[in-house]
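So you can see what is in the structure, the chains are spelled out below.
Number of protein chains: 2
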Amino acid sequence: MSAHILPKVVIIGAGFGGLSSAKTLAGAAVDIVLIDQRNHHLFQPLLYQVATASLSPADIAAPIRSVLSEQKNLTVVLGKVTAIDCAARTVAIDNGEHAIDISYDYLILATGARHAYFGHDDWEAFAPGLKTIEDATAIRHRLLMAFERAEMTTEAAERDRMLTIVIIGGGPTGVEMAGSIAELARAALAKDFRRIDPRKTKILLVEAGPRLLATFPEDLSAAAIAALHRLGVEVRVNARVNDCDAAGVTIGDQRVGAGTIIWAAGVQASPAAQWLDVEADRAGRVKVAPDYSVPGHDNVFVIGDTAALTDAKGIVVPGVGPAAKQAGKYAARVIIARLQGQAAPGPFIYKNYGNLATIGRRAAVVDFGWIKLRGPLAWWLWGIAHIFFLIDFRNRVAVAFNWLWSFLTYKRGARLITGTSPTGPKL
Amino acid sequence: MSAHILPKVVIIGAGFGGLSSAKTLAGAAVDIVLIDQRNHHLFQPLLYQVATASLSPADIAAPIRSVLSEQKNLTVVLGKVTAIDCAARTVAIDNGEHAIDISYDYLILATGARHAYFGHDDWEAFAPGLKTIEDATAIRHRLLMAFERAEMTTEAAERDRMLTIVIIGGGPTGVEMAGSIAELARAALAKDFRRIDPRKTKILLVEAGPRLLATFPEDLSAAAIAALHRLGVEVRVNARVNDCDAAGVTIGDQRVGAGTIIWAAGVQASPAAQWLDVEADRAGRVKVAPDYSVPGHDNVFVIGDTAALTDAKGIVVPGVGPAAKQAGKYAARVIIARLQGQAAPGPFIYKNYGNLATIGRRAAVVDFGWIKLRGPLAWWLWGIAHIFFLIDFRNRVAVAFNWLWSFLTYKRGARLITGTSPTGPKL
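Protein sequences, first through last, are from chains A and B. Under the numbering used here, the residues of the first sequence are numbered 18 to 444, in order. Under the numbering used here, the residues of the second sequence are numbered 18 to 444, in order.
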């Protein structure tokens, strides 16, 4: 390598993991190329609030170029990865016009996950999941249109079906979605219809396992159920969805007609393992070494939701934003140490700063490990933490304002039916 | 009509005109049905700021149901008009599922206008216009993607083409769009690319007539041109676009390659005249009587952008929001007077409170008739007037905050490429 050419670090994905790597490498003598198929970083933990009409997409997204504008050793490339050649050390991307090869000395894959349907991919059309802005606005469209259709129909059975919402999956996304939809129906929409009473909307949260929020302590799961009950959400645990179509779901043997079905039941990693042709676990995640490198390719790192790692203390690193951020920083430090000929940092140890989930107005559960909280205090902490972690000042003010406004008025600020024509084809 | 059944007023369209009629009828002993094909009222004068990434759709839109929630004599129906039967006094609508007939005693048509291509409908695919939220986010997508493609391409000619933006039509929309795009390129995007310099973007505003802002006094047209020149916009008047395709436009005999083409050149009224089978002018507007009723159908009123009227003082009522509001209020008062057996109000007289157009940061032109303004004072007035006329408190705060933030940082708050996959098919 000549003295004039800097080592090239290619980062794929500008989520929590990729951005964290990029920022950690800001001062290093490297040339960074950050590739993403989107022009924006997305704060996914609040995406359900876009789906339920509380926030606008731009409130929780920031242009990647703008976030990293001042980082002179970095170039942003908009494109979709199609292949990786570890021997030639190139990433093939498609930018919509051309196929382009980008070479690397070090590669960090932080390509995240999509929702998974466990062999029922045909359910996706009926039960959309929530990972992108388009997912969120599509769910918002379905949800708001169901109330419109209920108001319009003259058939009682169809009205009841349209006012039934099924959420599949009792993890944080499912719980937060159910709580937010309940408040949308019971408060924001309550007075806005003439023929239906949105407060009578039936909201069903279905979980295959024995309890909600399986990663939280049991008493917080119970607190979440109690909070959901207060909002009128019907929670079914140990309940398996056996079928799903345009008109509803089959839970166990019971048929439930539904106007809106939302999938929050599972994720599948991005195809990183296929691109690299390496071993993956059942969820498609690459089994990485303790330093997040890929066995057999020590200049390639896989981090975040698309990596499977049990850390040096025996903790399975969870697929959450804070873990991705820590991994991103760590992988960048491994690269810096190698470039500077220094000893590698010690093996990765995940720091769990806490788990948080909110269940509507003034109810949340927070598990810091050393202390567990529920109720209004947990809710305030949840809100402050989320505003604090938003990517930039504008996002923070926009989200804070929208929350304050909703808190005071019980209204929703982004109640728009957009996208495909609202009076177009059937849902 | 029995004593228990109230006269039924059907209003089609919840724009400035329809909402104004609905609110004026709030205290009247009538049953109102307000039909719109969208669930939201849209503040169209600021739509160009959604297209240029300054504002989010929800900042300038409000759910119709929510706006009129407290008005107990009104029902909102989401649906698209397919026909009107003046003999049977019914409106046929399609709500996406069913065809429904809604009967009326009085009908107010406030269905607005779409952009018109003067016999070149095939141009729409290459030169989109700006009337709906989807139009605005589609233009935002094209505009932002053009910079991405310019950054990516290795061919100089293609780069120059992608950095050329042509706006067709020199009315307020075209002028405001050109100014806003110039500031997007020169300020918000300036530092965010590595291979291109967005400040070198070529922005061309093309007007077929002899001057910009033809409805303003001549000296304000000249001021607008001067302000656009300061922003680096090239203005061509007396210039006719003779062809338009995916790669650019032909202006007179000159071929200009362009990555983005925006249509701001003309409007065509909604099909109200066809529905009613009555006489229309060349722009498709219904020629209404001095009280906005339709000749031959004195219980049917057509108002706003879809009506053609010269008022009692000989002024041609313009197709702008304030005129639609005045007409909406007036038509409602005519109906109230008839129902109460009172004398009709005098013939409609349009009150022109002023014309405003902004040309980027701290430049605008304002014509109040009795006084003309330009420069920073005009710009502040323009901003305050627009915030004042936004439909609700939330919109006002959201727009004010986004403007303040952009003013201080020179950034744009809604720089998102969403919708069709950003790395998908060619523009």
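These aren't lab readings, by the way, just hints derived from the structure by calculation. From a predicted model like this one, the values you see are computed outputs, not experimental measurements. Incorrect hints may have been included.
Identical copies look the same in the list; a pair holds intra-copy or inter-copy alike.
[As the list claims (entries may be wrong)] Straight-line C-alpha distance at most 35 Å; calculated DSBU-like pairs for lysine-lysine:
hint: 1; residue 1: Lys-148; residue 2: Lys-97
hint: 2; residue 1: Lys-389; residue 2: Lys-97
hint: 3; residue 1: Lys-219; residue 2: Lys-389
hint: 4; residue 1: Lys-208; residue 2: Lys-346
Verification of the hints:
| no. | hint | verdict |
| --- | --- | --- |
| 1 | Lys-148 <-> Lys-97 | both (16 Å within a copy, 32 Å between copies) |
| 2 | Lys-389 <-> Lys-97 | neither (42 Å within a copy, 52 Å between copies) |
| 3 | Lys-219 <-> Lys-389 | within (30 Å within a copy, 58 Å between copies) |
| 4 | Lys-208 <-> Lys-346 | between (49 Å within a copy, 25 Å between copies) |
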